[in-house]
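J.: The residues making up each chain are set out below.
4 protein chains.
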Amino acid sequence: MIAVLKAGVSETQKKNLINWIKGQGVDVHISEGQFQTVIGLIGDTSRIDPDLLSGLDIIESVTRISEPFKCANRRFHPADTIVEIGEGENKVKIGGGNFAMIAGPCSVESESQITDIAKAVKASGATLLRGGAFKPRTSPYDFQGMGADGLELLRKARKATGLPIVTEIMSEKHLDLFEDVDLIQVGARNMQNFELLKTLGRTRKPILLKRGLSSTIKEWLMSAEYIMAGGNENIILCERGIRSYDTYTRNVLDLSAIPVVKELSHLPIIVDPSHATGKSRLVPSMSLAAVAAGADGLIIEVHNDPEHALCDGAQSLTPAQFDEVAKKVKALKEIV
Amino acid sequence: MIAVLKAGVSETQKKNLINWIKGQGVDVHISEGQFQTVIGLIGDTSRIDPDLLSGLDIIESVTRISEPFKCANRRFHPADTIVEIGEGENKVKIGGGNFAMIAGPCSVESESQITDIAKAVKASGATLLRGGAFKPRTSPYDFQGMGADGLELLRKARKATGLPIVTEIMSEKHLDLFEDVDLIQVGARNMQNFELLKTLGRTRKPILLKRGLSSTIKEWLMSAEYIMAGGNENIILCERGIRSYDTYTRNVLDLSAIPVVKELSHLPIIVDPSHATGKSRLVPSMSLAAVAAGADGLIIEVHNDPEHALCDGAQSLTPAQFDEVAKKVKALKEIV
Amino acid sequence: MIAVLKAGVSETQKKNLINWIKGQGVDVHISEGQFQTVIGLIGDTSRIDPDLLSGLDIIESVTRISEPFKCANRRFHPADTIVEIGEGENKVKIGGGNFAMIAGPCSVESESQITDIAKAVKASGATLLRGGAFKPRTSPYDFQGMGADGLELLRKARKATGLPIVTEIMSEKHLDLFEDVDLIQVGARNMQNFELLKTLGRTRKPILLKRGLSSTIKEWLMSAEYIMAGGNENIILCERGIRSYDTYTRNVLDLSAIPVVKELSHLPIIVDPSHATGKSRLVPSMSLAAVAAGADGLIIEVHNDPEHALCDGAQSLTPAQFDEVAKKVKALKEIV
Amino acid sequence: MIAVLKAGVSETQKKNLINWIKGQGVDVHISEGQFQTVIGLIGDTSRIDPDLLSGLDIIESVTRISEPFKCANRRFHPADTIVEIGEGENKVKIGGGNFAMIAGPCSVESESQITDIAKAVKASGATLLRGGAFKPRTSPYDFQGMGADGLELLRKARKATGLPIVTEIMSEKHLDLFEDVDLIQVGARNMQNFELLKTLGRTRKPILLKRGLSSTIKEWLMSAEYIMAGGNENIILCERGIRSYDTYTRNVLDLSAIPVVKELSHLPIIVDPSHATGKSRLVPSMSLAAVAAGADGLIIEVHNDPEHALCDGAQSLTPAQFDEVAKKVKALKEIV
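Chains as they are written, first to last, in my numbering: chain R, 1 to 336; chain H, 1 to 336; chain A, 1 to 336; chain Z, 1 to 336.
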C-alpha cells in the first residue's frame, strides 16, 4: 500500500502516522519528494483499512498495490478452479474448460411445471436445473415463492431427469433445508450479507455467488473471499448485470467482467442474461456474446407458458426458444 | 397501472393479455388510439409485477400510477410519524418537528472509550449514542467488531449517561442479543435482506433503516414497507450517500432525498454525513446542509482519538469538533 | 403521451392544463379513475416536453408512448439502413448485413507510422482506416493531435492503400478541412454539441456518432435525429462504453445496446472495444462478444509500437495481435 | 505519479519503461519490494497520461499524486478568486465571501416577459439576471430559443433594471454575439467541448462553467483549466446535479462538491437547484442546503407564469415563491 502525504504535514504528524502503521505490524519505506512525502507500507497490509488512511487530514491519497483477496486470487492459485456439482453419473463440472448450461423457471410453481420444464431443457442440452423456491421480491406483497415445498418439487424434478438443482438461499436459518441442494445460489441483494456468507463458508456446498447490483468486481471477489476464508472453495461467480441510468433494459450486462475476473481470479464465471436484460427477446444475443467473451456457463430462465408465469415471465424463453439458443451456443462453443 | 401495447398486436394477443390481467383480480379500461392501444389497470394492482408486463413482447411500456407502498405512504397517512425511543426520562422522539442528534464511534472498543465518548457527546447536546458492535466489512480479514461484548459496553455507557443506544444488526440469529437495544440499525448492505426485514417487522422495536448503496428512494420505501407490513411502524429512514462514478468522496450524499421522502412518506428521515463522505473535514458543511434541507436528525461519528480508531477513523470528528458542529446545528435549527 | 394527475387536483387546475395542452395543437382523451385522472395526449406530441409536464405540481407522472425520434425510428423505416463510404472500387458498405472492420492508431504521428499501419491492417482484412488528427483530451497540457497536418497524412495513407479514412471532428469551424474525409466521427464528448450536429446535418457526409459518456440509448438516437432532421441520413452509431462506478476498466461496454438499437432504429451500429475497456488485453474477447451480439462492425486501435504511442497506447493492439483478432472475427462471422 | 509494476516483469521490460519515462523529461525513483517494483515519477508529470501507463501489460496500477490542474489549483493560488461581473454601479462580485443571487426564466420569450421578471427578481434581491436565448434541447423538434433576438431582449431588461445578464453560449461561431453579455454560461453538455473552451480562454469574459452530466470534480476542474490556460481566469463553477439511476428527480444534486471544490481550487462555486431537481417544489429546500454547505451563490429559475412557459416551466418558481426563498437565504447567510 502506498500513502501520499499532503504538502505541509509536520514532522510530528508524520512520526505519529508512521508509529501507528508500525503498530499494526506493517513496515514502512519513506521517500521524500520535492513537495510531498510518499510512504510505502510493506508486509501484510490486509489489516490496514485504506479508507481509514485516505480520510485522515494529512493524507492526500492511498493506493492498494496487492489485492486484498488471497484465496480467490489467481496470483496465489494460477490454475483454473473446477467446481464439481451433483453426484454419480449426473455429476457436472464447471470451469477450466467445462461449460455449464443451467436452465429453468424463475419460480417453482407445481410438480408438473418444474418436471416438464426440466425434461424439456435437458432434451435441449441443459446440464443443471434452476428454479426459485424462496424469492427475493422488492415488494412484500409480491409472490414470495413456495419455500420448502418448492425445494421438494425441485428434488422430484431432479429425480425425474437426473439434473442437479440450483436454487437461491435467502437466510442462514434455512441452511438445513438446503442440505440436499446441489448448487446454492446467493442472490445479488445478499452479496454483502456477510453473516450468510460466513455460514456458507463453513459448509462444503458449491455456491453460485451473484454480483451485487452495484458492486465492483473487487468487492464481489471479496465476498467470494468471505466464503473461501471459511474453507469452502467451491465458488462459481455469476455476472447478472449492474445498475445504470438507462431504463430501457433492467440492468447493464457487464461482459468485460468475464475476462477481468479470469485475470484476477481462478474461479469460474457464468452469465445470467435473463435477469440482466429483463427482456426475453434480448436473451439470445446476450447468451452468444457471453460465450464469445469466454463465460464458463449460462443460466437462462425458461418457462413453459411465459404469459402466465407468476414472476419474471417477461424475461423467460419458451422451451422452443431455449432449444434454439442452446443449439447456437453449442455451435459457437466449438469455434471459440 | 397503465400498459401501452405495441403497434400491430393481434386481437387474440390483446384478449389473452386482458384475460390474464382480469384473472389477477384487476379490472381494465381500454382506450384505442390511432397507432396504439392503451390499457388502464384499475383496482389493487400491487399484485401485478410491472417488470413482468413490460418484458412481454406485445408491450411497449408500463407505468405504475399509484405507489406500491401502502403503510409507508403519506397519501394514506398524512400526519408525520413520530418515533419514540428509549424509556422514562431519557425517552427521545424523532420526526414531526422533533430533531435527533445521534453521535458516537464507528466501533465500540472498550468501556472507557465508549463511556468517555458518550459523556462528551451528551455534553455537546447529543440525544442518542451510536456505536458498532457487529461490523459489516468488505474484507473478511478486517476487524469485525466486538460482537455481544460490544453490546454489553454500550449498555454500560447508556447506564452512565442515560443516552438511548443505536447499533447495527447483521443477522436474524442475533435478534435476542438486541432485545435491550433502543434503536436497531439495518445497514445499507442489508437494506434488501428481506428475511431480516420480515423478522424485524414482527418486533415492535424502533428501526433505523439505512438506504442501500444504489437503491432508489422507492425501493428504500418498499424495504420500510417490508417491516411495516409485519406491524412494526417505528421506522426512521437514514440517507447515507449513494454510489457514483466520482471517487473523491466515498459516496454522493443525496440531500434531495429529504424533501422527496417527506413528500412520499410520513416517516422521519435523518442523515449520516460521516459515512456518506468518508472524510471528517466534509462532515460540518454536510451536517448544516442536511439540517437546512429539512432532516429530522443527524448521525455523526465521533471518536476520542481518530488516528487510532480501529475502523473508519478517517470519517470521525473529535469531541471538540463535534461540539462545534452541534452548536452550529442548534443555531441553524432555530431559524430553519 | 400519458399524464397522470395527482389526487386532489381541482377542476380549474385540470381545465387550465387541458387548455394549455390543446393550445399546443394536441388533442386529449380523459379517463377518470377512482383516485386519479389520466390524460392521454393524442397527435403530434413531439412538441410537448415531458419534463415540463412531470414537474408541474399537479402531475404525478408522465409517460411518453411514441418515441420522440422520427427519422431514426424503425417503426417508420423498417428496412436496415446501409451506409456507403468512400468511392469507386474502395467503396465500403455498413449495415444490412455488411460488416465493417475499422482499424488504425489513436493518433496520426507521421507518414511512415500511419501508412505502415494502414498497410498492415489492410493485409489483415481491415476495410477502413482510423486515425486521430484532432484529439479531445481531458487536459489542455496533453498532446492535442497534429490537426490539419494529420488529415493530410491520412489522405496519403488512403492513397497508398485505398482504405477510406475515418477521423474525428471537434469543431464546426473545421468542417472545410473534413470535406475529403470519408467518414466523419463525432466523439462521445460532443454527442450533445447540438450546433455541431446541426452543421453535419446540412452535409451529406457519412457520420460515425459515438455514444456519450453517460447518455441513454434514446438520447443517443435523439442526437442522430438532430443530424437526420437536417437531411443527412448517413449515420452509423458507435457503442464505446458508458461510465460506471467500477474503476478497473475505463468504461463498461454495453453490448445489449446492439440488439436494443436494432429494435428501435434502422441505423447500423458498430462497437469500439479499445476505448470502452482502455486495456488492449481485453480487446480480443470484447471484439468477439460484440460480433456475437450482432454488431455491424468494429473499430479497433492498432499501433505498430504501443509502448511508444503518444496517446492511448495502452488500449492499442500490435498489428500481429490485430491480425489474430481479425481472423477470429471472420470465423465467428461465418457462423453467427 | 506512482506506477506499480506487475510481479514477474523482466529487467528488459523495466528498463524500456524507465527509458520511455525519462524520454518524456520526467525523472524516476525506483523502489524494489518483496513482490513488486514501485516507480515514482518525479518532475512535471502533467505530460504523462496515466491511462496510457495503466493500460500497459506490465503495469498493475498508476496513481497521480499531484493534481493535473495548475491554474485552477488552490495549492498554487491559496487565496479565493473573486470574479467581477458587469460595470459601474451595477458591478457584482462573486467569491471570497461575495454571494450572488442569479434569477430569471429558462428561456427569454418576449420583452415584457423578461423585463417584468427582471424587475420582480431585482426587488427580491437578485443581483444578476439569467435567461436562455440559445437553448440546448435533447430533441431537434423542441423550442431552440430566440437566438440573437433573445440576447437583444436581455440587453433591454438589463437597461431597465441595471442587472448584469447571464446566458448560455452553444457555439464558438456565436462569440461575437456575446460580446455584450456580462457572464457567459457554458452548459453541462458542452463542458468538454474543448474547442469552445479554448475560444473562451482567449477572451477575458467571466465564464459560468456548469458541471457535465457525469463528470468527476477533477474533470470539471480540468475544463476550467482549459479556459484558464488561455489566460482567462474569470471562472465561476456551477454544480447542477449529476446523473444517477434514480428517476424521481432529474439529477442528484451533489452538494458535497461545494466543500470539495473549495479544498481543491480557489474558484467560486454556485449551485443551480432548478435544473438539478427538475421540480420547483424541491428548489426552496435545496437552495437553503446549498447555502448551508458554503455555496458562493445560487442560480434559480423564475417565471411569471410557470404553467405556460415554453420550456422547463416545471422547475421554475413564481416571483412570489422566489421572494420567499430569497428572504430565507438572506436570513441563513447571516448565520452561516
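Simulated from the structure, these hints should not be mistaken for laboratory data. Using N, Cα and C, we set each Cβ at its ideal position, and we do this for glycine too. Among the hints, a few may not be true.
What the hints assert, rightly or not - So the derived list for chain Z, only partly shown, Cβ under 10 Å to chain R, looks like this:
1) S10
2) V38
3) I58
4) V62
5) A160
6) G162
What the hints assert, rightly or not - Reference listing, derived: stretches of chain A covered by chain R, where coverage requires no fewer than 3 residues with Cβ under 8 Å from a Cβ of chain R:
7) 10-18
8) 81-91
9) 128-136
10) 223-234
11) 243-250
J.: Does each hint hold? Answer for all of them.
T.: Evaluated hints:
1. The interface hint given for S10 (chain Z) is broken, as the beta carbon of that residue sits about 17 Å from the closest beta carbon of chain R, more than 10 Å.
2. Checking V38 (chain Z) against chain R by beta carbon gives a least distance of about 6 Å; that is within 10 Å, so the hint holds.
3. This hint is violated: I58 (chain Z) has a C-beta 14 Å from the nearest C-beta of chain R, more than the 10 Å allowed.
4. Residue-level restraint check for V62 (chain Z) holds (minimum Cβ-Cβ distance to chain R is 9 Å; threshold 10 Å).
5. Hint status for A160 (chain Z) relative to chain R: violated, with the closest Cβ pair at about 42 Å, above 10 Å.
6. This hint is violated: G162 (chain Z) has a C-beta 42 Å from the nearest C-beta of chain R, more than the 10 Å allowed.
7. Figure legend: the segment 10-18 of chain A, annotated as covered by chain R; annotation inconsistent (0 residues with Cβ-Cβ distances under 8 Å, at least 3 required).
8. Closer than 8 Å: that is the beta-carbon criterion, and the segment 81-91 of chain A has 0 residues meeting it against chain R, so the requirement of 3 is violated.
9. Restraint check on the segment 128-136 of chain A versus chain R: 0 residues with Cβ-Cβ distances below 8 Å, three needed, restraint violated.
10. Evaluation of the coverage hint for the segment 223-234 of chain A: breached, as 0 residues show C-beta separations to chain R shorter than 8 Å, against a requirement of three.
11. Given as covered by chain R, the segment 243-250 of chain A passes the check, having 6 residues with a CB less than 8 Å from a CB of that chain where 3 are the minimum.
Hints 1, 3, 5, 6, 7, 8, 9 and 10, counting from the list given before, are not met by this structure.
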